[in-house]
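Engineer: Each chain, written out:
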Amino acid sequence: METWVIVVSSFAYLGLLFAIAYYADARADAGRSIIASPYVYSLSLAVYATAWTFYGSVGRAAENGVGFLPIYIGPTLMIALWWIVMRKMLRISKQNRITSLADFIASRYGKSALLGGVVTVIAVVGILPYISLQLKAISTSFSVLLQYPDIVMPAGLERPPLIKDTGLWVALILAAFTILFGTRHLDAAEHHEGMVAAIAFESLVKLVAFVALGAWVTWGLYDGFGDIFARIAADPDLNPMLAPFGGVGGDYSSWFWLTVLSMLAILFLPRQFQVTVIENKNEDHLRKAIWLFPLYMLAINIFVLPVAFGGLLHFRGTTVEADTFVLTLPMAREQELLALTVFLGGLSAATGMVIVETIALSTMVCNDLVMPVLLRLHFLRLNEWRDLTRVVLAIRRGAIVLIVLLGYLYFRLAGEAYALVSIGLISFAAVAQFAPAALGGIFWKRGTRRGALCGLAAGFGLWVYTLLLPAFARSGWLPSGFLESGPLGLEWLKPLALFGVAGLDPITHAMMWSMLANIGAYVAMSLAASPGVDEHRQATLFVDVFRAEGAAGGARLWRGTASAPELYSLLARFLGHGAAEEAFRDYATRKGLEWPASLSADAELVHHVERQLAGAIGASSARVMVASVAQEEALTMSELRGLLDEASQIVAYSVRLEQKSRELEAATAELRAVNERLKELDRLKDDFVATVTHELRTPLTSIRAFSQILYDNPNVEPAQRAKFLAIITKETDRLTRLINQVLDLARIDAGKADWRPSLVDVRSLVADALAGMGSVFEERGITVRLHPVEPLPSVRADKDRITQVVVNLLSNAAKFCRPQQGRVDVSFAAQGEFLRVDVRDNGPGVDLRDREAIFDRFGQASGGFAAGQSSGLGLHISRRIVEHFGGRIWVSGPAPGEGSCFSFTLPQAT
Amino acid sequence: MEPVAYVVEDDESIRTLWRWLMESNGIAVRTFASAAEFIAEYRAGAPGCLILDLRLPGMSGRDLQDYLKAKGIAIPIVFVTAHGDVRTAVTALKEGAFDFIEKPFSYRQALAIVRKAFDRDAEDRARDARHALVARRIAALTDREREVLRCVIAGKPNKLIADELAISVKTVEVHRAKLMEKMEVDSVAELVQLTFGFSLMEAAPPQD
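These protein sequence lines are chains A and B, in that order. Quick note: the first sequence, position 99, residue 99 per our numbering, numbers continuous. Quick note: the second sequence, position 179, residue 1089 per our numbering, numbers continuous.
One should not assume that every hint holds.
Derived DMTMM-like pairs (lysine to aspartate or glutamate); straight-line CA-CA distance at most 25 Å [as the list claims (entries may be wrong)]:
# : chain 1 : residue 1 : chain 2 : residue 2
1 : A       : Lys815    : B       : Glu947
2 : B       : Lys1004   : A       : Asp687
3 : A       : Lys679    : B       : Glu1033
4 : B       : Lys1080   : B       : Glu1033
5 : A       : Lys494    : A       : Asp505
Hints were generated in silico from the structure; no laboratory data involved.
Model the full structure from these sequences, guided by the hints.
Structural biologist: Written out as structure tokens, the structure reads:
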């Protein structure tokens, strides 16, 4: 076939892809995206199917039958889990404006630039074999097709000089196209709509090409599936291929590991992350993709076995490599057009992979490796540049060229030694190292940056040692002794049989050791030290992404000062003025504010700018840049906890408030009660004053009026005169007594009473008192009886005071006794620790309801027999005295009208 | 009927004082140690005055005042207070007490205030008696006579009264002579003076 035919159709195809991309970009700019469809989204996911699938699967199937299948079973299984895993990654990425896988992991662990860099390096190094695989596939297929109609294997050809090497040219052309697709301009959200549209188209092309070939082989060359399988079964050399787990070297453990590997690859291959997460337009697209993508996988794999078997049957005994069956079968039958179609399908699969992969990697290299370093190199004064978009684009373009060329380098160094699938699996094993850090990061809050770093380093180290170095060794770049007897002859360090674990295929062996080391280091180091403030915050944002809705979750955690114009110019430097202004206006509109008039640089605006910036230069760089204009105050761990627990604190606070208000109410009620009590006391005091005044003025009135009468009327009869003078004398006595009592009470109240305790013999005290007031009883004809008792214990009290009490009780009794027939009985009794004295009279008695009141100040019995004759203070003072010495005083009586009995007790002296 | 000074006072000496003071000045006096005793003894409508101590055991002076008022017993009350009771005394005055004297009072002051209270009682009684008299005479008028009376008091000439009541002047003159006779007055001036302050409508049965 003419070279130009192949070259022109190749370029024509690439041109078509570019046209589609250009159209999609134009539509996107006009606001009418053509990729906002679950079908386009699902097709774009099929970038998973590369030249490996297109050529390699047939190669693998020709080697060990169904052994090619785990690579497709894995994604199908993982897709079933997408609703749990991928939806969460999607939500996290959208909320945090994640730009790449490195950004994702770095963001999770406190926006660590170091971690981002490590992930980027692992991704680039790990993916290089995969890119080389694509280059190898294109250049091989090109070389093979070039020989049409002859079938000559490239291995049989002499390796061309560099300048004539198809691989190099393919690499350079692909790099150029990638630059065109991916870096024409800078998108704040890293969306590449054109690229996605082209990839979706590319997925269709490779599917159609492969299905066309498969159909032709199955029904054109042979007589359907049954015919091919029957022929294989009939062939004793080939029928082991039909064994359930493949023939050669395919055992259960490698099936398991290949399935796991591909499950992780569909999540963590940079290009898969790019199309699934970064380019996702709508979370709901996942729903359709969950069944559409496996369907695509089924469609593109259904003819793998027929083509492989067909090739085996057709090329038996020749040197034709199984990896080329797809192309060589139509060539052998001189199906020129079909061969060209197949070539274009393979080209399509390979270019799709290279374009998306390098764009994803270049974003990572730029955002997570180069920019963080440049921004930290202060002598570059990068943060003073007015427009950094060109710098960013230049870095990305450089990265694309570099990655593709490195892929080519790997292809030149190690590409020849392995089949396509084996090369691809090396890359799968590399990206699988991201799994512990990434999956742990979204489900396990306790995972720390240190854990992630150690896990990645350990896993990647073992990957290099057990997969990459052996690949170089096989290609002759390392001494063969390295593989056969271990480095420096140390057998237990043999890269393919570490610690003596032999008999596994290299991928299973590498995966087992690297995952063991990776997960072990990640978990152990995470648990060894608690996460820092930033890590804790990000962990919460990631793990609890469905709980903390909205971007405010991140903004609240920021404290510091910034100015809106500074933030604007920062954003403008990276995004250009148009995009920056749009971002600010969007923000202002959402907040209902005016831009630039009334926008203040609060935590939310800073967060908004950081997110916008993260879309262009990655989270860790954005953080550095924002920090350069915003003076952030460091959050301590306890402050962060405080902020995170704000909600619960508010709840607690309101509970406390309620409690406080209840306490206040209680205090108010208490105060009110105290106030009432004070008012009551005040009223009592007023009453007391009024009563005292009344009690003083009443005798004064008699004294005044009678003395006036006697003075004005000298001729009052002598009898009258004597009577009046007697009244005056009596009232004067009363007045004196009253004044004394009031003063006495005032002293007792004020605690200034003069108490003089001594041992008192109560019986003789009563006898003395009676003797002193004997005339009172005689005058009224009252009989007083002092009941004799056996010797009494004495009490300890003030003798004068107790005499006062006794006299008061006796004179009361005398006052209230029935005149002429009065009887007063005084008796004593020892009662427990007390001595009791009873003074009984035969007067009218005290009404039941007055029995307490008469001991109050001025408390007189309402229906007193001789009301007005007592001051109303005597009993009160008596009670105060008795109680002062620890006794009690009360009145009892059989019934009103039958006399009363006043009793008091005093504690016996010990 | 001779007016009596009723004294309610719990202090025996003060009661003695009142008794002597009244009797030596020819005034009838009755003393009581409590409000209850007074209520038991007092016959409603008896002329005189009540000398009432504010502070009494059991029913207080104020309580008794309210009790009498509720019973419709109008007797001038002179309260006896001590200095601390000013507020209560003011309330008592508002409630219609005649006056109060403060302890310690001079006996002349006490005597004077009792005499004034007696005068007031007499005036009240005379006024009440005249009211009762006029009311009785008005009640004795016929409806027509009462209408004519109203017009005469308003100073309307007979002609106008005749027009207003749609009767002849002659008939007006007859009614007029009759009502002057029934009201026991000789001139219109006397009639006006007698009926001053009376609402004739009150006494009149409703017209149809």
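Engineer: Hint by hint, note whether the structure agrees.
Structural biologist: Hints, one by one, checked against the model:
no.	hint	result
1	A:Lys815 with B:Glu947	21 Å, holds
2	B:Lys1004 with A:Asp687	22 Å, holds
3	A:Lys679 with B:Glu1033	45 Å, violated
4	B:Lys1080 with B:Glu1033	42 Å, violated
5	A:Lys494 with A:Asp505	14 Å, holds
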